[in-house]
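Input sequences plus hints: build the corresponding full structure.
Top line first, the protein sequences correspond to chains A and B. In terms of this note's numbering, the first sequence opens at residue 37 and continues consecutively. In terms of this note's numbering, the second sequence opens at residue 13 and continues consecutively.
There may be inaccurate statements among the hints.
Which residues of chain B face chain A? A partial, calculated answer using Cβ under 7 Å [stated by the list, open to error]: (1) Pro64; (2) Leu164; (3) Gln168; (4) Val313.
Simulated crosslink set (DMTMM-like; lysine to aspartate or glutamate; CA at most 20 Å straight-line) [said to hold, decoys possible]: (5) A:Lys287 x A:Glu204; (6) A:Lys229 x A:Glu188; (7) A:Lys310 x B:Asp176; (8) A:Lys104 x A:Glu115; (9) A:Lys200 x A:Glu236; (10) A:Lys200 x A:Asp225; (11) A:Lys310 x B:Glu174; (12) A:Lys287 x B:Asp176; (13) A:Lys287 x A:Glu168; (14) A:Lys265 x A:Glu188; (15) A:Lys364 x B:Glu217; (16) A:Lys265 x A:Glu213.
No lab work stands behind these hints, which were simulated from the structure alone. Glycine included, every Cβ here is placed at the ideal spot set by N, Cα and C.
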Amino acid sequence: MTKTKLLATAGLLALGWTAAAQATQPTTSGPLGAGMTMYMQMGGNPGDGATLARQTGAADAAHAFGIKVIEQFSAWNPETMLDQFRQAMAARPTCIGITGHPGDAAFDPLIAQAEKEGTLVTVGNTPLPVAEATYGAKGTGYAGVDLYIGGEITAQAMLAAGLKSGDEALEYGVFNETTRSQSDRGLRDTLVKAGVKVTELNISPQVDSDSSLAVPILVAFLESHPHLKGIGTQHGGVTGFIPQALRQVGKQPGQIIVGGIDLAPSTIAGLQQKYITATLDQQLYLQGFLPVTQCVLSARYHFAGLNINTGAGVETPSTIDSLIPLIKRGIR
Amino acid sequence: MSTHLSSKTPEVRAPGLLPRLARVEGLPIILVFVILVVFFMIAAPQVFLGWPIYLSFLTTVPPMLVLAIGLTLVVAAGEIDLSFPSTLAFAGYLFSVCETQLGSPWLGLVAALAGGALIGLVNGTLVAVVGVPSIIVTIGTQFFWAGAASILSGGQSDALQELDGTAIYNIFAGNLFGVLPMQALWALAIAVFMWFILNRHRFGEHVLFIGDSRTVARVAGVNVVLETIKLFTLMGVLGGFAAVLLTIENLNYFSTQGQGYLLPALAGVFIGGTSVFGGTATIVGTFFGTFIIGMLEAGVVATGIAGFWVQAIEGIVFVAAVVLHLVVESPAKLRALSGIVGLRREQ
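Here it is in structure tokens:
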């Protein structure tokens, strides 16, 4: 080996050593969330179309950060959510992730007690503006769709698909829950502003629990409103059963403009058959992953709460096919 | 006439049309049903003078009807089964997994019926052999089997669109002559069969006897333990069959399916005229009671009433139906009730 080659080799080794010495080192030797526990409200029922991707996101974040995540399911029942919060507090976890359906007034005293006991609280799916404003500096964030805007996005997709001023539309939603109803109100208000004649129909508790019971109700409405041009809902289960009702009254795909929410298997089939025009994609995986991330970062390094809108837009018959492999894995 | 073995209250036989009509099984509830349909035809002719709404009822009510028919016998025996919503989830899962994993919906049908039978057998054994009250047992098993369905399915739903147009779909959810849903025919066949079981078969006689008095039934030689186990197993099998009808019609399996059926199915049985105390049961009453429950919300919506009014109107119609039923079926009960609230003194 010549002297020149030796010098070059030594130079490269020196450079490599310097670079290695300058690479940023992690702040912990183990996972960032090691030793932490988080109780997390997932919302619906295990694995349902509006819950599974949230579970997957939380599980992936738990795996990545080394935090133990304990899932709680409420079937979207606000009272159950409050009970679960009390149960979680009793276990003195590092964090509690909640869904905000009961509203600020109901949650506020519980969150205050949890914060007093040193448990961080963060919110997903349905916002709690007062909690965020009060405890944001301590790590209370929000990962989810701005419900009202989510409804607006769905309505705008329906308008873009051809629903216009003077047309009749049905808004089949949950109107009797303070916070959850915001998405249906957003949808309704946007259509009304565009001049669409909107009829509101409240989803009953039975339909809320088992959406197949919506079919005859939708058939009755469709038959009694022969000039109906659009159906909107922000109920993930009901969205998937609208095509069945449309088929029963003899409507062809596209004849009624349908705006829904989430990506349940029946909704995907409805999109592929073009009975569903657009469905709001809340990117539920992020609603699982981000609260866990928030918990770890705030508990470890006292980061303030982050407010992240996970709802990017709608899925349509032209976009759904590429997502199916991810949906089957519970990611989308 | 509704089947009634009770000797607790002597029947008051007053002359007149109503008591004579009351001898025809289920006539009061049929009357309520007809009045409602006629009312809806007048209030919402666009909907109730067309076939699609009836097509919709005939496709969506049958699973609930099959459950309610099974439940009628359970209630007739003085028992209750609150686990049937979970049977819909568990048996539906068995059907779905056989279709998606093994490609055999027929095996799924057998598995669903067997799964339902297993649930019923467990319920019946705990009630009849161990002696735990049925309401407690079935609340417990309701949670257990719903949990089992979630664990086994990983909580996931399954799309079963590939069944559309297959033989099993055509047999259980197709349309006969293009207009009559097969699931309605299956539910009707089960109703007729169960009517004969209840009214013409020794098993039905034993069920009513047990409902009237378990002690007397035992003394009279009825094997109460065995008959109770058979009864709950039958209910489980019917739940399994309802799960198959529901899953095939929806072309989807949901791990939460059936959770909205608990109150409507029970309501169908009780407004049909089956006694909550046992010993009296009417399959015909359950048949029409379930259809009333199944069509009520859709009917109210069709009349143009929307928003928050729907549930309130439903409640009024529900109570009115029960009262009318009481007036026609049991004038004596109504007179007794009037006496209790003091109305008779005012007359």
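For each hint, the structure was consulted:
no., hint, in the structure
1, Pro64, "5 Å, holds"
2, Leu164, "11 Å, violated"
3, Gln168, "4 Å, holds"
4, Val313, "5 Å, holds"
5, A:Lys287 x A:Glu204, "16 Å, holds"
6, A:Lys229 x A:Glu188, "11 Å, holds"
7, A:Lys310 x B:Asp176, "17 Å, holds"
8, A:Lys104 x A:Glu115, "25 Å, violated"
9, A:Lys200 x A:Glu236, "18 Å, holds"
10, A:Lys200 x A:Asp225, "14 Å, holds"
11, A:Lys310 x B:Glu174, "17 Å, holds"
12, A:Lys287 x B:Asp176, "18 Å, holds"
13, A:Lys287 x A:Glu168, "45 Å, violated"
14, A:Lys265 x A:Glu188, "18 Å, holds"
15, A:Lys364 x B:Glu217, "51 Å, violated"
16, A:Lys265 x A:Glu213, "27 Å, violated"
Violated hints, listed in ascending order, are 2, 8, 13, 15 and 16; each of the other numbered hints is respected by the structure.
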